[in-house]
Amino acid sequence: MAGKPKLYYFDGRGKMESIRWLLAAAGVEFEEKFLETREQYEKLLQSGSLLFQQVPLVEIDGMKMVQTRAILNYIAGKYNLYGKDLKERAWIDMYVEGTTDLMGMIMQLPLQSAEMREKNLALIIERAKTRYFPVYEKALKDHGHDYLVGNKFSWADIQLLEAILMVEECKPDILSAFPQLQAFKGRISNIPTIKKFLQPGSQRKPPADDKYIANRGKCCLTSVRFHFPQLLLKYL
Amino acid sequence: MSGKPRLVYINGRGRMEPIRWLLAAAGVEFEEKFVETKEQLEKLVKDGDLLFHQLPMVEIDGMKMVQTRAILSYIAGKYNLYGKDLKERALIDMYVEGITDLMQMVMMLPFSPAEAKAKNLASIEEKATKRYFPVFEKVLKQHGQDFLVGNRFSWADVQLLEVILAVEEKIPAVLSGFPQLQAFKTKMSNVPTIKKFLQPGSARKPPPDDNYVATVMSIFNLN
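Taken in sequence, the protein lines are chains A and B. Here the first sequence is numbered in the numbering used here, starting from 1 and rising by one per residue. Here the second sequence is numbered in the numbering used here, starting from 237 and rising by one per residue.
No lab work stands behind these hints, which were simulated from the structure alone. C-beta: ideal position from N, C-alpha, C; glycine also. One thing to keep in mind: the hints can contain errors.
The calculated lysine-lysine pairs, modelled on PhoX-like cross-linking and capped at a C-alpha distance of 25 Å, are [claimed, not checked]:
(1) K406(B) with K87(A)
(2) K320(B) with K64(A)
(3) K15(A) with K323(B)
(4) K323(B) with K6(A)
Reference listing, derived: stretches of chain B covered by chain A, where coverage requires no fewer than 3 residues with Cβ under 8 Å from a Cβ of chain A [what the hints assert, rightly or not]:
(5) 283 to 294
(6) 309 to 318
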């Protein structure tokens, strides 16, 4: 049964949000099963559906796919959002990895203490302004095309818009020094599938709030904590 | 200009090691430029060689590639180690991502604060033996083939061998409950390109020592 892709995750952004964006941008309808109780999560674990005992899980084309990056790669490839050859794919991958790193930093914020959060928020703003956004600003300026890679709409464009909006939620005027990105944001937001996704009532999730954090903690007992200085892991 | 890929990184495993493994397994000769000081790194950044100001960086086919995963995907695709279609690629990606999560724990172990080291090592053992190795043991058992995906040597096999050896360096008996993985390890170690890479004098880097940790901390300003 072909059916729509089915997404298993918490009712919130987390690691699933980039997948929602990509499917939506590709015009693919999908279903969602939200994990709201510990029992549901345990049941999913016991069913053997989670290859590495983790979500996200996406049932798609007869596969139970896990690992965010694997899922995104598959969707991008399937819906022709991954460039026309190996080299375009390489550029898309590089750009996507950059925005993933930036969004990853933002994703951690709600899980941190107030003190760490303030410090990391400042770091995120700095990184966005001096490390990440200048790269995309320059790419767009240099080739003058509407899209980042190969003069064609791709996964890299979707992820960049997602990252821009996420950083703007932290600092509304973050794009003030980036005219290309401002224009890019306007253009990509108006692509019909994306415009639809940006409207209220779509499957786009709001930023994490305390309820989401509490729910995650309840559902997903990490039995083994890996103690490691956050800073080293994230910011190398 | 030799035309060989040129790897720019610290003289040690870190995030570049999987790339060394994959190039070596594909039979591709490469050069290495070792970054030894903060000043050298800053110069690379200033010269615009590092897209996101980070290492690894690999000069390959006219590109200055950054981002480990992007580099690995490109090499895998170029040298036909990425499956024959989208679905095989999906499987390879899932396996590689899982292995990378485990590898990351091993990579970061030497950087753990002293009081957390034993705990982190125990985490690695638990994750390896309860979460990751059982998956690959089962895959190999179920299809009975030599390779993880599509009955053909791929990036997933290279990465699995790498992580097995890396974990064994810390936990020598880690494969004791995994007969399929033991056989896999032997078979993959005997693939000619990999056998060569496993011999002394190859580009393979030794396990991280205190000197390596100190170098990383100093270059990346982490003291």
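Outcome of the hint check:
At most 25 Å may separate the alpha-carbon atoms for a hinted pair to count; K406(B) and K87(A) exceed this at roughly 38 Å. Distance hint between K320(B) and K64(A) is fulfilled; the C-alpha atoms sit about 19 Å from each other, no more than 25 Å. Between K15(A) and K323(B) the CA atoms are separated by roughly 22 Å; this keeps the pair inside 25 Å, and the hint holds. The straight-line distance between the Cα atoms of K323(B) and K6(A) is roughly 17 Å, inside the 25 Å bound, and the hint therefore holds.
Interface restraint, the segment 283 to 294 of chain B with chain A: holds (4 residues with C-beta to C-beta distance below 8 Å; minimum three). A stretch counts as covered by a chain when three or more of its residues have a beta carbon under 8 Å from one of that chain; for the segment 309 to 318 of chain B and chain A the count is 4, and the coverage holds.
Hint violations for this structure: number 1 only, all remaining hints satisfied.
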